[in-house]
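Here are the chains, one letter per residue:
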Amino acid sequence: MAYEEPITDYDYIVENCTCAFCGCNCDDLVYLVKGGNVKGELEDNVVVSGYVDGGHVVGVRHACRLGASKVMEDMDQRLLVPMIRDAEGNLVETDWDTALDKAAELIAGSVRPVFYGWSETSIETMKFGLELGELVGAVLDNQATICHGPSLQAVQNAGYPVMTLGECKNRADMIVYTGNNAMNSHPRHLARYSTFPRGFFRKRGRFDRTVVTMDPRYTDTAKMSDIWVGFEQNGDYEFYNAMRAVLRGKKLQKDVISGIPKEDIEELVESMKQAQFGALFFGLGLTHTLSKQRNIDIAINLIQDLNKFSKWNLIPMRGHFNVNGFNIFMAYEQGFPYGVDFARGYPRYMNGETNTIDLLTREEPDVFMVIAADPGAHFPSGANRHLANIPVIQIDIHWGPSTELADIVLPGSFIAVEAGGTSYRMDGVPIYMKKAISKPETCRDDEWIVNELLKRVQKIKGIAPREASK
Amino acid sequence: MVEYILKNGIVFDPTNNIKGEKKDVAFSNGKIVEDVSSDAKVIDVTDKLVMAAGVDPHSHIAGPKLVVGRLYRPEDSRKGIVPAKGVTRSETGFSVPSCPATGYRYSRMGYGTVVEAAMPPLEAKHTHEEIMTIPNIDVPALPLFGNNWFVLEYARDGKVDELAAFVAKWLKLVKGYGIKIVNPCGGEAWGWGMNVHGVDDPAPYWDVTAREVVRTLAKVNEKLGLPHSIHLHPNDLGHPGNDLTTLESMKMVSDIKKSSGVRNQNLHMTHIQYHSYSGTNWRDFKSGAEGVAKYINSNDHVTCDVGQITLDETTTMTADGPMEFDLHQLNGLKWANKDIELETASGIVPFIYSGRNSVHSVQWAIGLELFLGIKNPWQVMLTTDSPNAGPFIRYPRVISWLMSNKRRMEMIENREVHKAVEKKSSLATLDREYGFDEIATISRAGPAKAYGFTDRGHLGVGANADIAVYDLEPNNIDPSVEHEQIEKAFGNALYTIKNGQTLVKDGEVVAIKQSQNIWTNVQGLEAEEAAVMKEVMPVFNKYYTIKFENYKVHDHFVSNPIEVKVQAGKASK
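Sequence order for the protein chains is A and B. The numbering of the first sequence is numbering that gives the first Met the number 0, which starts it at 0 and goes up by one. The numbering of the second sequence is numbering that gives the first Met the number 0, which starts it at 0 and goes up by one.
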């Protein structure tokens, strides 16, 4: 990592901005803005309310490399104008009305629409999306379906002993990262929440804590841990099972379990029992290896067992900044976390049946709307094959593989930079992410776009807007 | 401006001392009025039961706990599915219904105001988002203060003035209505996997006891002159022998003078059924309702709500984290926990209350004993601590039990409940039956008074036109015999009128109204609040994981709130 000169060429400072990258939702970011006019109050060069109209973020303080690079994203790949794919298969620029009308027509005329994504946009946008989904009988699903979905299944099997990240910061003397490499995926997780910060009962920060990484790979997180438990690939379930057995006073029959000597397991369990407050953070490495949700089941059970001796909690390391938000939003609106099918006029949730990938591989959907997600990059090829055959509407801020699949492209705006909105951190703490600068003139806010689609579909169907909705 | 008149109903309005008079209720512009012109629209409710819309003093309907319940219990969500129809969206859930379902179901029961009884300040935005999603009812929310680190510290040091400013400030920040205390000191102890027992067991590290926390917060509450008193979920919930803790919890604030002109109490004890257990373990566990009722009968500084067991499969959820872990150890069902930094703990466990289980049956009996043993209906309120002891949609059933000794005896004799009820409680000896007037008191007038509401819970001139009409003819029914009729009618209001708008007709939701949050704005302590914030901010910045600017509930999250302005130190009327 080459040394970079600090940025000094800026006009305004916007404080307490929230990072719209990973599930850490760090809300202490300082944006350095160049140019534009302040719409709001200014004290010295700090914008205390409102935003900078026409400004550009040239620097970000406090953010990690991932967050900073996203906030200061190169405008090269930005989607700026609505586009429709023509008969030759080329995306052609068009005006907003044409693009929205065409999209609304597709949605209104579809029999099995799927609205997928949502994890990188605001709750306010989801609100309109859900209303539209209920109206046309769509399936609403988010990235959980391909990431922490099995974790949620496990939560439904076994329970959900969680905490807010501050509990870990203030109390934890033992921290376990398992199946994830926070140093790379959530770079500030250790610095801001778990390992390094000086907490109320952990005044010396890192020195007061024992960090354990349980992962087959010797990751960057493992490198800075006190203990690395490198169990065998796909050995997760067996390893956790052995820990539970030891915890319950059983003698292990085998000398080596999942590549770990039984003495090491016994020692590890003993130190976990002795911890005053333990926190376990698990990632997709645990969720998506051989036993899938069963791995999480047993990790949750382990935590429950540990609470007989000490205090332990866990948190799934959610990826997108609002992936948890969608699950929470759907649960309070319609009772189920993801993969909710409204085709029958009431919500249905059935894993393996109402999830996006299953629907696509069964070639059921006839219209697909993707908002703030990139199925083109992430879905299995079988699912993408069907996407190539049906109309795809994309609402996003950047070009991506999904743009190549899209038939209508609606350029949105960047939540937490160009638009305000609510998001939920990986631990469920809600944060209102404020707007710092104005969006490019030709783009629209996600909230506006989805609301426009809703209004146009209502018009096509001759339905009056719902009374209680905004 | 359209005027309406409800004609010839049999009105029960305990606040205004109207007990079953045949009279008209006129309203216009969302308010009850003395009289209307002859152009008024007539709604004929001849001989039907008319009451103010219900006020629920304690229910868990919105917030992070609820959402965990919905997330991790799809089996519960699947139970209550109703397809979208007319103006209503689809409903899901039985014990933890979705937000729209919550609004519709309360509305169908003739309720207009429901208090969300536990809001963790850090996640208040979440609670308010849900409140905005719940239609048709007004929802005040009580923020949790009992295990807040700042509160523990101020209480330990006896700094009542500073704590008063802190509470005033926090109510503004999180748009809260009053002070909720849950297992004081126990929630903090749960941060280390421990609990406290009784009111004199100090929290680890903080060295402060529940007695000090509750007393200090009670003083603060009266100093600020908040419309509601402190709302206490005392220590030792669900432990045999906790009746002694409960009695002590009530006694220890008896000397604190209340400062409100509306309410009578300085302490509201919530879901007191869970706190009236006698004995030393589950084997010799028996009802302690008599002693608790006796205290309440001879002391008017206390009100309570019951938390009646309804013998259903439900989802227990409370900020009492250690209790939920114990429950999980007891029943082995999936355990969720949610500790909130610097503020509170909480836990969730599904629970199957069964009439075949002796303990559950005795719990059921204890709730009813309290209802029947507490003489003044203004001191006892109808709740199931929804969803803890049962979902709120069971209120009509509880009403039918209260109105019919015959039905209660039938349940005992037919073994719908375990025979332990006869041995371990005195329910079978209580033949009191509630009348409609008492039902109106425990389900609307009493809660409204305890919360300091003057604009709801009654049908006097100037009150909100929040009215419920039930398909019952009080003069032609014997509730003791026709208990099924009672349950059906209270569950399906003939009319539910909210702010003058008819939301329910013939048990069907016919209109949707945006809900409103009710919060308390304490005024006159601005300088004190600023001074306290100077002390609070360094700690806040160091130990919370969120910036202060992003902590408060922005106006964005409270559309159309009802702000109750209170002058600190002055009694409200």
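Everything labelled a hint here was simulated from the structure, so no lab data went into it. Every value quoted in this text rests on a predicted model; they were computed, and no experiment measured them. Built from N, CA and C at the ideal position, the CB exists for glycine as well. Treat each hint with caution, since some may be false.
[What the hints assert, rightly or not] In silico BS3-like cross-links for lysine-lysine, where the CA-CA straight-line distance does not exceed 25 Å: (1) A:K454 <-> B:K40; (2) B:K168 <-> A:K460; (3) A:K202 <-> B:K533; (4) A:K272 <-> A:K222; (5) B:K285 <-> B:K422; (6) A:K101 <-> A:K438; (7) B:K171 <-> B:K158; (8) B:K47 <-> B:K30; (9) B:K168 <-> B:K422; (10) B:K250 <-> B:K285; (11) B:K30 <-> B:K564; (12) B:K40 <-> B:K512; (13) B:K84 <-> A:K458; (14) B:K84 <-> A:K460; (15) A:K38 <-> B:K551; (16) B:K250 <-> B:K293; (17) B:K6 <-> B:K487; (18) B:K285 <-> B:K256; (19) B:K546 <-> A:K38; (20) B:K84 <-> B:K250; (21) A:K202 <-> B:K541; (22) A:K458 <-> B:K512; (23) B:K487 <-> B:K168; (24) B:K6 <-> B:K22; (25) B:K78 <-> B:K40; (26) B:K546 <-> A:K202; (27) B:K171 <-> B:K487; (28) B:K512 <-> A:K454.
[Said to hold, decoys possible] Stretch-level coverage of chain B by chain A, calculated; a stretch enters the list once three of its residues show a Cβ under 8 Å from a Cβ in chain A: (29) 80 to 93; (30) 327 to 338; (31) 543 to 553.
Status of each hint after checking the structure:
1. A:K454 <-> B:K40: Given that 25 Å is the threshold and the Cα spacing comes to 35 Å, the pair is violated.
2. B:K168 <-> A:K460: At roughly 48 Å apart (the allowed maximum being 25 Å), K460 (chain A) and K168 (chain B) break the hint.
3. A:K202 <-> B:K533: Given that 25 Å is the threshold and the Cα spacing comes to 22 Å, the pair holds.
4. A:K272 <-> A:K222: Answer holds: K272 (chain A) to K222 (chain A) is near 24 Å, not above 25 Å.
5. B:K285 <-> B:K422: holds (8 Å)
6. A:K101 <-> A:K438: holds (24 Å)
7. B:K171 <-> B:K158: holds (20 Å)
8. B:K47 <-> B:K30: holds (21 Å)
9. B:K168 <-> B:K422: violated (50 Å)
10. B:K250 <-> B:K285: holds (22 Å)
11. B:K30 <-> B:K564: Satisfied, since the Cα-Cα distance of roughly 20 Å is no more than 25 Å.
12. B:K40 <-> B:K512: OK: K40 (chain B) and K512 (chain B) at ~21 Å, within 25 Å.
13. B:K84 <-> A:K458: Roughly 19 Å between the alpha carbons, so the hint for K84 (chain B) and K458 (chain A) holds.
14. B:K84 <-> A:K460: holds (16 Å)
15. A:K38 <-> B:K551: Holds, because 22 Å separates the two Cα atoms, which is no more than 25 Å.
16. B:K250 <-> B:K293: Roughly 12 Å separates the two Cα atoms, so the pair holds.
17. B:K6 <-> B:K487: holds (23 Å)
18. B:K285 <-> B:K256: violated (34 Å)
19. B:K546 <-> A:K38: holds (23 Å)
20. B:K84 <-> B:K250: Between K84 (chain B) and K250 (chain B) the Cα gap is close to 51 Å, so the pair fails against 25 Å, i.e. violated.
21. A:K202 <-> B:K541: holds (11 Å)
22. A:K458 <-> B:K512: Since the Cα atoms of K458 (chain A) and K512 (chain B) sit roughly 23 Å apart, the hinted pair holds (cutoff 25 Å).
23. B:K487 <-> B:K168: violated (45 Å)
24. B:K6 <-> B:K22: holds (7 Å)
25. B:K78 <-> B:K40: violated (40 Å)
26. B:K546 <-> A:K202: This hinted pair holds, its Cα atoms lying about 20 Å apart.
27. B:K171 <-> B:K487: violated (41 Å)
28. B:K512 <-> A:K454: Since the Cα atoms of K512 (chain B) and K454 (chain A) sit roughly 20 Å apart, the hinted pair holds (cutoff 25 Å).
29. 80 to 93: holds (count 9)
30. 327 to 338: This one holds; 8 residues, not fewer than the three required, reach chain A with a Cβ under 8 Å.
31. 543 to 553: Holds, because 7 residues of the region 543 to 553 of chain B bring their Cβ atoms closer than 8 Å to Cβ atoms of chain A.
Checked against the numbered hints above, the structure violates hints 1, 2, 9, 18, 20, 23, 25, 27; every other hint is satisfied.
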